[in-house]
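K.L.:
If you want the building blocks of each chain, they are given just below.
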Amino acid sequence: MQAKESHKNLKRYTIVTAMDNEAGVLSQLAHLFSRKGYNIETIAAGWTVDQNVTRFTIEIYSDEERIKLLCSQLRKLVPIHYVEILEPSKSIRRELMLVRVHAADRASRNEIIQIGNIFRGSVIDITPDSITLSVTGDDQKTQAFEELLKEFGIIELARTGIVAIERGEM
Amino acid sequence: MSNKINGSEILIQCLKEQGVDTIFGYPGGAILNVYDKLYDHKEIKHILTAHEQGASHAADGYARATGKVGVCLATSGPGATNLTTGVATAYMDSSPVVFITCNVNRDLIGRDSFQEVDITGVTLPITKCNYIVSRVENLADTVREAFAIARSGRPGPVLIDIQKDVTASDCEYEPVRPEDYEKTSGRLARLRRTHHPSIGSPDIDMNDVEKLAEMIDESQKPLLVCGGGVVRSGASEEFRTLANRMDSPVAITVMGGGAYGGYMPLKTGMIGMHGSQASNMACDACDLLIAVGCRFSDRVTLNPAGFAKNAKIVHIDIDASEIDKNIKTDLHIIGDAKEVLTLLLERMKRDKHNDSWKDYVFSFKRETEYDNDPEGFTLTPKEVLSSVAEILPQDTIVTTDVGQHQMWAIQHFKFDYPGQLITSGGFGTMGFGLGAAIGVQVGCPEKTVLHVTGDGSFRMNCNELSTEEYYKLPIITLIFNNSTLGMVRQWQHLIYNERYSQTTLDRGPDFAKLAEAYGIHGRSVHDVSALRDVLTEAVKSRSDGLGWVIDCKIDIDEMVRPMVGGGSYIANFMLD
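So the protein sequences, as listed, match chains A and B. When the first sequence is numbered by the working numbering, its final residue is 303 and no position is left out of the sequence of numbers. When the second sequence is numbered by the working numbering, its final residue is 1769 and no position is left out of the sequence of numbers.
Any given hint might turn out to be false.
Here chain B is said to cover these stretches of chain A; the calculated rule only asks that three of the stretch's residues, wherever they fall, bring their Cβ under 8 Å from a Cβ of chain B [unchecked claim]: (1) 154 to 165; (2) 200 to 211.
Footprint (simulated), chain A over chain B, 3 or more residues, beta carbon under 8 Å [claimed, not checked]: (3) 1387 to 1394; (4) 1511 to 1520.
What the hints contain is simulated information worked out from the structure, not anything from laboratory work. Note that CB positions come from ideal geometry on N, CA and C, so glycine has one too.
All chains, please: the whole structure from these sequences, using the hints.
P.N.:
The following block contains the structure:
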């Protein structure tokens, strides 16, 4: 994925953190990012095996110095259990994208479905004028999928944001 | 047998678990239930201030002077928002205060009800942690956790917002002593178990301690910087021993005042924007700078790139997020200052002697030399402070407001012990001093308390003179009255071409008469002999319990010297 102009010389980092699952933790987290001057690219949250603990995956552009400072700031939040930065080579990153595109004739319907198959996406809704697909992958895959569908005319698009997990030890 | 009591009683019992015997506060609608219970608990001393802001500073001053956790109560809405300057002041200076507010009933929350405000939202960036209590079952453990967090690790303020119906609901209550936190429900035990940074001091990396011992051994030109962490950690003795064994000059930050004795021979004075020549020149030339419990604020480092440019910089701090935040360090040790210094002293290879380095450093002035006013129409800061230092007891606790008077007081007084100087260093809160002095005098009734202020700062919160009078607190307020916002005027003079925009305070009231209106002693003085007489009288009359306001007229153009401009290089004095 092409980095924005302002992200030149910066690296994309994946931070995972677990917090007590209680009211207000998301605002504590989000507030810390904004008051320390970081912009969240994606954030995804859900509880873990323990329903009292919410796990967040957050991606931001930063440099090594600032990401270290951010992590030590995050660790001070009382509801935080742990904070880790995932190594790209040792982790799996996925997001789900839902996209509805114009498909008013047979040829475009066929082509869209074929593209969907190549990306292991699935058609989840079809109308005389449009097709809605879902696709799962890292941000490069969903971005490529989006690029290919642009020529048909994207009506609406939604992403979950990346969730990430460490690979098992070999 | 059920031993149910209501939320207000639980709150008071929990405060007693924590050893609280003094609270500062102001009642109101949402917190009525709590004050109703307080009526039955005369063993808890409640100090009613004139304004919630005064209460917030008083609780902060009490905490700083006694080392205990300060407690401050306020009602919902404006009561709560009036605390915020005090909360931020405590936060920036790492002072342990538990603020307790009550909010509207649970069924009124979110409806823009009368005196409703989301105070946890407001105070999120200025508290170590804050809580909403919407179930009485959670109240006791929340209070226990709040106190533990406020006082442990790097101390700081915590706010608990209790919904009004919680204070009236009944619940089982079992007392739990602070050391039996395992009996509390969950989170506090988890924080303890995992050594969470909010609550514990991290394990110290011994390799780094060894490395520092080696660096000290190799250094020829060391400089120690004594920060507020030395005060908070109670590491004053260890720090003084280290300074002696290293034979190292010691620069002191505003927050570090008192941790290293002001009379001690290795003291170079304050460091930074209004730092002494000795401190700033030593910083510039040293080969090893060890900062203990300081956060390298912009008022200390000025231009971070040129700060201690010839030195290896070592940072000892309990808060990992302070490391490399403002200044890149060569070595850091994360841990409680007292523990780190104890380990370091054990591992130091030998005692050092740095005579030629000390000769160099102390060839520069460590104190500012101010002129006396030859004509004698007004007092000079030096005349005022010398008289005070001579006449008041040496162990007098000094609180300050913010501005020129603050810098003069810190430069001039020789603070001997941690907690002797109580000042708003980080947040720079004008109006802090009188509230703080009230808290200090309540916490330390046997000590003489001097509140040094300026006419601008004093005008902000002088309403607390009524609190001073009512509780018979013999605080001595000393106003450096130059009829201007002196520090801002100084900048306008030096940087803004003498365009004195909105800084001239040629207005009332007559502070001496104001003091008398509040029922305490008030005097205006224009010369040294009158000042000395008043100070002598103030010391003598302490037992009558009446405070003093001494309005000292000084010249409008007095300046704080030396001065290095903001962002410029530390040895580049704009004024010497």
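K.L.:
Examine the region 154 to 165 of chain A: at least three residues should have C-beta closer than 8 Å to a C-beta of chain B.
P.N.:
holds (count 5)
K.L.:
Does the region 200 to 211 of chain A contain three or more residues whose Cβ lies closer than 8 Å to a Cβ of chain B?
P.N.:
holds (count 8)
K.L.:
Taking a Cβ-Cβ distance under 8 Å as contact, does the region 1511 to 1520 of chain B have three or more residues in contact with chain A?
P.N.:
holds (count 6)
K.L.:
Taking 8 Å as the C-beta cutoff, is the stated coverage of the region 1387 to 1394 of chain B by chain A satisfied by three or more residues?
P.N.:
holds (count 4)
In the structure shown, no violation is registered for any of the earlier numbered hints.
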